[in-house]
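Enquirer: From just these sequences and the hints, can you work out the full model?
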Amino acid sequence: MRNNVVKAALLCGSVTLAAWSGSAHAAGTEAGTSIPNQASVSYAVGGTTTSVDSNVATFVVDKKVNLTVTGGVITQTAIGSNDQVTAFQVTNLTNAVQDFHLTPDQQSLSIPIPGADNFDVANLRVFVDVNGNGTYEAGIDTATYTDELRPDTSVTVFLVGNIPNVPGEDVAIVSLSAQAAAGGQANTEGATLVATSLLQADSPSTMDVVFADAAGTFDLARDGIGRAFNAYKIGTAAVSMTKTARVISDPVNLLVNPRAIPGAVMEYCLTVSNAGPGVATAVSITDRVPTGTTYIPNSLSVGGVGSGGQCVLNGTTEDDDTTGADETDLYGGSFNGTTVRGDIPTLPVGTSLTAAFRVTVN
Amino acid sequence: MIKVLHLLTGGAVLAALAPAAIGYAAQAKGAGVTLTNSVLVQQKSAASDGTTRVTLAPAKRVVPGDRVVFRIAYKNNLAQPVTGMVVSNPVPANLTYRGPAEGSPAPEVSTDGTHFAPLATLTVAGRPAQADQVRAVRWQVRGSVLAGGAGQYSYEASVK
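These protein sequence lines map, in sequence, to chains D and A. Note that this note's numbering numbers the first sequence so that position 266 is 266, with each residue one more than the last. Plus 1000 on top of the position in the second sequence (first one is 1) and you've got this note's numbering.
Hints are computed from structural coordinates only; laboratory data are not their basis. Glycine included, C-beta positions come from ideal geometry on N, C-alpha and C. One or more hints might be untrue.
[As the list claims (entries may be wrong)] Per the computed footprint, the stretches of chain D lying under chain A, defined by three or more beta-carbons under 8 Å from a beta-carbon of chain A, are:
| no. | region |
| --- | --- |
| 1 | 44-52 |
| 2 | 58-68 |
[Stated by the list, open to error] SDA-like cross-link-like pairs, simulated, lysine to any residue; straight-line CA separation at most 25 Å:
| no. | chain 1 | residue 1 | chain 2 | residue 2 |
| --- | --- | --- | --- | --- |
| 3 | A | Lys-1044 | D | Ser-108 |
| 4 | D | Lys-233 | D | Val-60 |
| 5 | D | Lys-233 | D | Thr-316 |
| 6 | A | Lys-1060 | D | Ala-212 |
| 7 | A | Lys-1075 | D | Asn-55 |
| 8 | A | Lys-1075 | D | Ala-212 |
| 9 | A | Lys-1060 | D | Leu-198 |
| 10 | A | Lys-1044 | A | Lys-1075 |
| 11 | A | Lys-1075 | A | Leu-1040 |
| 12 | D | Lys-243 | D | Ala-212 |
| 13 | A | Lys-1044 | D | Lys-243 |
Expert: As structure tokens, then:
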């Protein structure tokens, strides 16, 4: 947090300027500061030297309202999820402490990188990150307006919304607008600031309000309002599966060119592939054991690597139940008497993993 | 018997800039040498011949980043000429000296309040002095100012 402007020691027009650091804060001298100036003249007449002071010329520094709202964040999310959070920064560049009204909006426009808006987030709410930790905490971050934000200081503001369960839609663009409001009373949302009318005669001793904010997208200049945009993006993953079978051994030929005769051991290989663009999570492969075969207990292995559809390198061995350490050693799996099941928690983009199990031909 | 009158200078804070000697001259209010200080802002307007005219108007709606002009006008109301006139002004806090105003001669400046010289010749800790290090300005009037003579100096400063 940058420091507020120190005004107390600097009001007299003296040469003791050491207290003023001269650093270039964007907000500048605090609004309402009175700046007096007195000059002096010395001269000689008739051999004697005299000094005379001028009057004191004074003016008051007016309030220059300026702010920025920063966004440009793409929040990855999934359909049907609630309370999805996207964050903005509101910065007060006014030379005075201000409140800010906060307004969230759905936008139906197109922005480079996220793309065109094609769905609306439901129940869009705005909350201020009051404890400044960058994480939305439902019980703590409950303020819906920015209170007493000091000059050259930023605060994080969250937009929270629910993603509807409509497959095929993937981009929702939302905006946050912040409007300058009067500061001075903590825990009270101040009145919207109004610029002093140009028709009103200026008095050197009163403080006027001047709007100096820049323009942006859907944001006029010099109106005390700033706006930024973020996007929610639903990541999808295209997952496909192939299945192959091969004979491992038979009672007659053993391991040499075995045939699928009664008593032969066969291996089924199931390969799942994720073509992206999103990471696939909680991938579950299931396959019924074919009729005419008997599942070999504890023959299941999940998360292996295959080649040409065949399982080559086995993954983690799974026992037939749904409990135990084998369920969480990277991958899980089970057999319930009729159906084999393999569980892969995360399948990254462009990868393939296998599940293999063995049966004997009846 | 000569009555000796001691004149007290006002603004003790500014004493460091003015010569320390106190003179005998008794000065009635409004007589003697007067100094008038005003704070103004530049207003640019297009003149009929296509050039831009700059006029000075009383300062209003001054916000950080704006420039103001201080105009200091002197007038000799005495019946005799005065010599060695020096007009001085400390740069107020919260303002940064920017240079002489249009039409005014450049002042001598000081970064420590005591030593004055043109800005181009000043150094601070071995480096050339910058405008934002200037803490006071002064103009020395050459020769004498005749009875009834007047003049003015102006400089620009920007609000921090």
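Enquirer: Work down the list of hints and note, for each, if the structure agrees.
Expert: Results for each hint:
no., hint, in the structure
1, 44-52, "holds (count 8)"
2, 58-68, "holds (count 7)"
3, A/Lys-1044 with D/Ser-108, "43 Å, violated"
4, D/Lys-233 with D/Val-60, "49 Å, violated"
5, D/Lys-233 with D/Thr-316, "34 Å, violated"
6, A/Lys-1060 with D/Ala-212, "16 Å, holds"
7, A/Lys-1075 with D/Asn-55, "14 Å, holds"
8, A/Lys-1075 with D/Ala-212, "41 Å, violated"
9, A/Lys-1060 with D/Leu-198, "10 Å, holds"
10, A/Lys-1044 with A/Lys-1075, "28 Å, violated"
11, A/Lys-1075 with A/Leu-1040, "20 Å, holds"
12, D/Lys-243 with D/Ala-212, "66 Å, violated"
13, A/Lys-1044 with D/Lys-243, "82 Å, violated"
Checked against the numbered hints above, the structure violates hints 3, 4, 5, 8, 10, 12 and 13; every other hint is satisfied.
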